[in-house]
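J.: Each chain is listed here by its residues.
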Amino acid sequence: MRSFSEIDTIAKRASKAVGFSWGIAEEIGKNIRILEMFGLPGLNNLNEYYKTLRVKKFQNISLIAKNNSSKISYCPIISGVNFLDQINTIEELNEIYFENLAFPILFIPFLSRASEIIGKRIFLTLDDKEFLLNFNQSIYSNYLSGSILDKSDLVKVKFIDNKNNFDEKTWTELYRLSEDTFVEETEQLKEKGAGAGLTDND
Amino acid sequence: MEVKLRDPKVIMKLSKLGSFHQSKLSFLRSFLKEFKDWDYTRELFNLDDNGFGIAVYSFKKNNRTYSLVCFANEIKDAERSDRVIATKWDAAFTLYDGVPTKKDLERLSENVPKQEVGRLSYKELTLSRANKSVRIFNHVVENLSKGMQPDKEILSKVGYLYRTTAVYGSGKFGLADRFRIKNRKEIYGPFRLEMMLVYLVREFTFDQVNHIAKSRNPRVAVKLNKDICRNLGIGNSTGLGMAPFIVNHPTLLNNWILSRETALKKIREIKVIKKSEFELFKTCIKKSIKNVTSWNTESEFQKNKIRQLLSDLNKFTYYLENEFKFEKNFSFNDMYIWVEKNLEDECIEYIVSLMMEPYDNIVDPLTSTMSSDEEKYFSIPTERSVLDLRNILEENYSNIIKIDFSQKKNNQNFWFISKNKEEPRLADRFSENGSELEQPLAIARDIKKLYQRISNQKNSLKIEKFLIDNNDLRHVVRRAFITEKFPYAEIQDNTIGYNLMPIDMLRLKLSFFGAIKFDPRSTKWLRICMFQGAPLANDLKSFDDHWVYNSLN
Numbered sequence: 001m002r003s004f005s006e007i008d009t010i011a012k013r014a015s016k017a018v019g020f021s022w023g024i025a026e027e028i029g030k031n032i033r034i035l036e037m038f039g040l041p042g043l044n045n046l047n048e049y050y051k052t053l054r055v056k057k058f059q060n061i062s063l064i065a066k067n068n069s070s071k072i073s074y075c076p077i078i079s080g081v082n083f084l085d086q087i088n089t090i091e092e093l094n095e096i097y098f099e100n101l102a103f104p105i106l107f108i109p110f111l112s113r114a115s116e117i118i119g120k121r122i123f124l125t126l127d128d129k130e131f132l133l134n135f136n137q138s139i140y141s142n143y144l145s146g147s148i149l150d151k152s153d154l155v156k157v158k159f160i161d162n163k164n165n166f167d168e169k170t171w172t173e174l175y176r177l178s179e180d181t182f183v184e185e186t187e188q189l190k191e192k193g194a195g196a197g198l199t200d201n202d
Numbered sequence: 001m002e003v004k005l006r007d008p009k010v011i012m013k014l015s016k017l018g019s020f021h022q023s024k025l026s027f028l029r030s031f032l033k034e035f036k037d038w039d040y041t042r043e044l045f046n047l048d049d050n051g052f053g054i055a056v057y058s059f060k061k062n063n064r065t066y067s068l069v070c071f072a073n074e075i076k077d078a079e080r081s082d083r084v085i086a087t088k089w090d091a092a093f094t095l096y097d098g099v100p101t102k103k104d105l106e107r108l109s110e111n112v113p114k115q116e117v118g119r120l121s122y123k124e125l126t127l128s129r130a131n132k133s134v135r136i137f138n139h140v141v142e143n144l145s146k147g148m149q150p151d152k153e154i155l156s157k158v159g160y161l162y163r164t165t166a167v168y169g170s171g172k173f174g175l176a177d178r179f180r181i182k183n184r185k186e187i188y189g190p191f192r193l194e195m196m197l198v199y200l201v202r203e204f205t206f207d208q209v210n211h212i213a214k215s216r217n218p219r220v221a222v223k224l225n226k227d228i229c230r231n232l233g234i235g236n237s238t239g240l241g242m243a244p245f246i247v248n249h250p251t252l253l254n255n256w257i258l259s260r261e262t263a264l265k266k267i268r269e270i271k272v273i274k275k276s277e278f279e280l281f282k283t284c285i286k287k288s289i290k291n292v293t294s295w296n297t298e299s300e301f302q303k304n305k306i307r308q309l310l311s312d313l314n315k316f317t318y319y320l321e322n323e324f325k326f327e328k329n330f331s332f333n334d335m336y337i338w339v340e341k342n343l344e345d346e347c348i349e350y351i352v353s354l355m356m357e358p359y360d361n362i363v364d365p366l367t368s369t370m371s372s373d374e375e376k377y378f379s380i381p382t383e384r385s386v387l388d389l390r391n392i393l394e395e396n397y398s399n400i401i402k403i404d405f406s407q408k409k410n411n412q413n414f415w416f417i418s419k420n421k422e423e424p425r426l427a428d429r430f431s432e433n434g435s436e437l438e439q440p441l442a443i444a445r446d447i448k449k450l451y452q453r454i455s456n457q458k459n460s461l462k463i464e465k466f467l468i469d470n471n472d473l474r475h476v477v478r479r480a481f482i483t484e485k486f487p488y489a490e491i492q493d494n495t496i497g498y499n500l501m502p503i504d505m506l507r508l509k510l511s512f513f514g515a516i517k518f519d520p521r522s523t524k525w526l527r528i529c530m531f532q533g534a535p536l537a538n539d540l541k542s543f544d545d546h547w548v549y550n551s552l553n
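Quick note, the sequences are listed as chains D and F, same order. Using my numbering, the first residue of the first sequence is number 1, and each one after it goes up by one. Using my numbering, the first residue of the second sequence is number 1, and each one after it goes up by one.
Looking at chain D on its own, in the form it has when it is part of the complex (with noise of 0.2 Å):
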């Protein structure tokens, strides 16, 4: 078994080797180990593009906007990369769609790290494939097959606004049942059992 220190290194060298600078190969080698880590095929999928890359031309996005398209396949490192550099900026535009991502397996990474940064989950669907990147601790996703994914058609980027998962009402029902920890006091107990007196007026 490789270990994650190996993966980060391997992925850090192969990615200066396909000409990317040192500093993006340090990001990559981050993301491939955050990949696989969380079990997605981050390894497999960084070597097929970078197979792919010796016979084909991939697009790379600058300014990210809310709908990014090109009739040649986005580079999911370049696109990862400014997204996660303009995370701040972008995040106003609430959703943001790409069309046409090479290996979009590689951009979750980064949308992972930046979901962490902003302190707001990230909500992704690559085509029919879904995933809930919850502030870079966990990946949850429908996704399980382990497959290469040379493309996504569609991809979509939804920032989900901090909020409960739950209704007051449950809310309610647990603190009731929360309440029988709680001791009835007394009014000696009221007298004794704090710190401070009865009255403030002093």
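It should be emphasised that the hints constitute simulated quantities derived from the structure, not laboratory data.
Below, a list of computed lysine-lysine pairs in the BS3-like style, where the Cα atoms sit at most 27 Å apart:
1) F:Lys462 - D:Lys120
2) F:Lys376 - D:Lys163
3) F:Lys458 - D:Lys66
4) D:Lys158 - F:Lys462
5) F:Lys462 - D:Lys30
6) D:Lys30 - F:Lys172
7) D:Lys120 - F:Lys485
8) D:Lys57 - F:Lys465
9) D:Lys120 - F:Lys465
10) D:Lys120 - F:Lys376
11) F:Lys182 - D:Lys30
12) F:Lys185 - D:Lys30
13) D:Lys156 - F:Lys462
14) F:Lys408 - D:Lys16
15) F:Lys13 - F:Lys409
16) D:Lys30 - F:Lys509
17) F:Lys376 - D:Lys158
18) F:Lys449 - D:Lys30
19) F:Lys421 - D:Lys30
20) F:Lys465 - D:Lys156
21) F:Lys376 - D:Lys30
On the chain F side, residues computed to face chain D include the following (Cβ under 7 Å):
22) Ser170
23) Asp177
24) Thr382
25) Pro440
26) Leu467
27) Ile468
28) Asn471
29) Asp472
30) Arg474
Since the model is a prediction, treat every value here as computed from it, not as a measurement. From the three backbone atoms N, C-alpha and C, an ideal C-beta is built for every residue, glycine too.
Starting from the known structure of chain D, arrange chain F on it as the hints suggest.
T.: Chain F only, in chain D's frame:
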């Protein structure tokens, strides 16, 4: 009184870092302190008459066990090499997490002796190999087998029976990743498991010579005297492989140096130095001089430094006995100011290390701050502006951005990874091939490039926009922002200049390990000794924290 931390622009110069010495903060000392009350056991010792076979040693406490698994092998003299290109060693070791089963030992026996070409698992924590100092090893075995102790003079010239040539950890070759074990309290300090491996290897070397001597002459042989054992450490040969580490781990480097600087600052801020504290300091100074006078090296560079150190120590001793008044308020601050004014770097840093000796209350809490959660500081704060970046560069790299990299001499070298051994190397850019595959270790040059690149950018431009067209310098943008929070994260020197002394980088790291007797064999590799004078494992419970100065040599 508040004393300022020493200026990173002074402390982080390579010549200064290359003058650091071991201290109470050093990892091998903090390791022993942490493990002194663990139970030590020799679990298995299955060597043949020539000392070849397998042995297992363990440290245990509560439900935790760490086991050193040793494989001693027969190799020909011609096969013995300390260089990383070697493929066979006298002994190979791994530190196993728990108690290895028979099946584990079989698996390890097939992989550990192969080192880099073997595969380890997440159950193994560190990996190493070592070669005998053949002359010393044979001398010891020969004498013990005749019922005599070895000649201490001969031993003191080398100081060890074995020297390791690499110690690997943190996920290398399939070993456990750091994250799997980082929450264990006993290994909060950096490199603690590497230190444990080396320490247990030292025990193995004593058992091995005793065993061979007894096998050779069962009736007459004696065991190696315990005092002699205590005065033997484990040697280590270290080449350039270690140098990039301190560049590649800026927050970790900061935490090491910051701990040392914080300790010094706090000691200088003590108003009243107690007599017992002053006496302990003086005793340590006096005893430590033996470690300097027995410091052997053929290196003229190091010989000069040792001569200067001894001469400065004489000056310092005179000052201590005739001018220094410990009863005065803030007397250790006065002493430090005198030291800085009158002595050279080698001695200044020597005294700084020794000033820590009386102060467990200051030093001990710092040892647990010397690790780093590097991932936390990896992302670039792209919402910041070019003005912010410019300010950081002008403030934290003011000497670096004055270097003229259009001069050939300032670009003389490049760092690369060798294809045959995947190890870092240094070469002359103008006479060797391969500079197009240079590693990102020319930080000073790239910081200067970055400074020039932003000179024609608007101050208000955000880093997120700047990076779109400047990702070739992304690695140094990241570093610059790191230095904002971590003032000691960056070496304040040119690591590719004609006058670079790579051994300064090695010595910095090795001093934090706790190594002594640095013996440069060239500008690119050196030998050192670890654990010389340290208590033996069976005596750890009556541990003396100042053992490093108790050497008989």
